[in-house]
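Protein chains in written order, with our numbering: chain V, 1 to 72; chain S, 1 to 549.
FYI, nobody ran anything at the bench for these hints, they're computed from the structure. A portion of the hints provided could be inaccurate.
Partial list, computed: chain V residues near chain S (C-beta under 8 Å) [claimed, not checked]:
1. Glu-4
2. Cys-46
3. Gln-47
Only pairs whose alpha carbons sit at most 30 Å apart, straight line, appear in this in silico DSBU-like list of lysine-lysine [unchecked claim]:
4. Lys-38(V) / Lys-244(S)
5. Lys-38(V) / Lys-479(S)
6. Lys-394(S) / Lys-38(V)
7. Lys-38(V) / Lys-446(S)
Note that CB positions come from ideal geometry on N, CA and C, so glycine has one too.
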Amino acid sequence: MSIEPINLELCTGCGTCQDICPVDVIRMDTAQGIPVIKYRQDCMLCQLCVVECPANAITVTPGRLSPVSVSW
Amino acid sequence: MTETFKTDVLVIGGGMAGLLTAIKARQQQVEVILVDKAYAGKSGQSPYADSLCPFNRKWGHNLEKWLHAVNVSGEYINNPEWTKLVLENSFAIYKLFKSWNIEFHKNPDGSLFKKEMPDGGGSTVFFHKNQAPQAARKEALKLGVRIFDRLMITELITSDSKVIGAAGITAENADLRIFNSKVTVMCAGAAGFKPNGWPIHELSGDSDALAYRIGAEVLGKEFTDTHMGNRKTPAFIPFAEQMKAGAGPNTGPKFRRILNAEGDPPHFKGTGGLWLSNEFEIHAGRGPLSAEMPDGSMMEFAGGTTLGLASHKTEGIVPSGLTCATTVDGLFAAGDALGNMAAGAKYPFMGFAITHACVTGCMAGKNAADYAAASPRNTITTEEINAVRQRTFKPLNRKGGFSPRWVIDVLKNALSPYFILYIKHEDRLRGALTYINFIRSHLLSKLIASDAHELRLAHEACNIVLNAEIKLRSSLARKESRGCHYREDFPYRDDKNFLGWIKLKDIDGKMTTLFEPVPEKYRPDLSIPYERRYTARIPGELDHFKRTL
Ligand SMILES: Cc1cc2nc3c(=O)[nH]c(=O)nc-3n(C[C@H](O)[C@H](O)[C@H](O)COP(=O)(O)OP(=O)(O)OC[C@H]3O[C@@H](n4cnc5c(N)ncnc54)[C@H](O)[C@@H]3O)c2cc1C
């Protein structure tokens, strides 16, 4: 559901995902040079991180962690 | 840690409107700072758009016919001067995209693919999603625009009713940033209530909210966008797949037709795909609605994918004249943030929104630069900065209260049922307004945040609640139905009283509704019988006329 744990074997620690996530879900752990999914409940499944990750290390799957209300 | 930056032109938002504003202003040799809450060139709605509507007589287009089509689809409350400006300047945008090597969809023989408008006049062309904003960012940086990413502007700063800058917080640490500008251009996009699926997740109505708070007028909020989602995965649209698919009209959802539970197409047919025909079916009890897929399978829809968004290119800050200036001195607006009524009461055709964002961005850049060149810079006092700091960080300093996430969820639960903002009625709108008023008066004043991320959410919650109130009040004020605004208790267009724009403005702390009639020269020919003036029938309308005739 939503952004899945980042594949750290592929991740190069470039920080693109942190920079482009429009809702600030990902933060870089600067000490370790790896991205951390810090606010997963706020991931809104836009998939920009999937598109922009140069190492193809990110997957977003359907379904939000927080409840979804539909209009009908 | 607070830092202050001085600039001639401050651009808020880095979608296509903001980036082109920055580029055009910079080309006038003034200093430009662009600030984006997310990442300029990769956020907002701009990366997702893939269609443009360049007007070109050599392609057989006819401006008069095209303008007429927008006038009819916008149910006669578009502002034809703005519609014309957008179309007349649209081919330059196509040429600009070509110069940036943006890929366009081609026919098998290599010629440009053009989709003709159903009503004639013009055509739409299709380009590769996600390329143009990034090309624009590169261009802006090359020209020397200073870009600050991951910085949410939380308020506009004024002195003697003139905008003299803005304040914002960094995503990382919520550091306060003050921008002192000669002119500020609002390009922070449209409004959403953090809905399912449609990528307006960081667009919390900041454009309208920030401008409204300092006295600008806002309009068009009663017209509702009606994009739908897949019931199985309401919050997920396969954008990654679409963005990688290349240029073409087929990168979006593919389905043959929409059917109701009885296996029929929706009973009410309007022009364009984003009318309220589906909501009418649901309300009549003929749901669920499903899409018939090319392989014959059915995909069931859910509504509310764009909750909070007004029909593309209806909402925004009211301009003053045709320069992208607003009614507040020192504040310009462009793109989705500009409420110039270029489209009218309903989205006219594919390509208009991004074309509009680009054209108005170019105009705003040039005109704001001219304004800056002729204006002094007013200083922002230390006192003012201290007051801003107090306001900005309140949620971080409170010990107890309400989480902004929860407040947004509560608001969404109240407003997402289709019978509030899609199929409207005075009783329900008033009920919702009572609820929203409580959220505003009781919950917003007690928002809490434990870190920078939540502080940003707290500011977003305040903007969302304000937008909700504006939407409800605009919807109450328009006691008729028109375009994407449907009132069950007034199921007809009322040309006598509502050929015009409902504008909301803060007057002495009170949200006040103003009405501006469409200028006489743009009014429809009222001697044409109603049924021909408005060909899209709406539920209850004929009964109403039977009763009143
Ligand atoms: C899926 C999808 C498909 C679309 N397809 C088409 C199409 O094919 N054709 C078409 O014409 N239109 C289309 N549209 C609509 C079109 O994309 C928008 O109308 C257009 O991109 C608006 O551009 P903009 O620059 O005004 O705003 P946006 O691109 O939305 O940019 C707004 C920017 O402001 C920033 N921002 C917001 N608040 C703040 C703040 N407080 N401080 C700092 N920055 C802030 C955001 O991060 C964002 O980068 C589509 C939209 C979507 C979502």
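*Okay, which hints does this one fail, numbers in order?*
1 and 5
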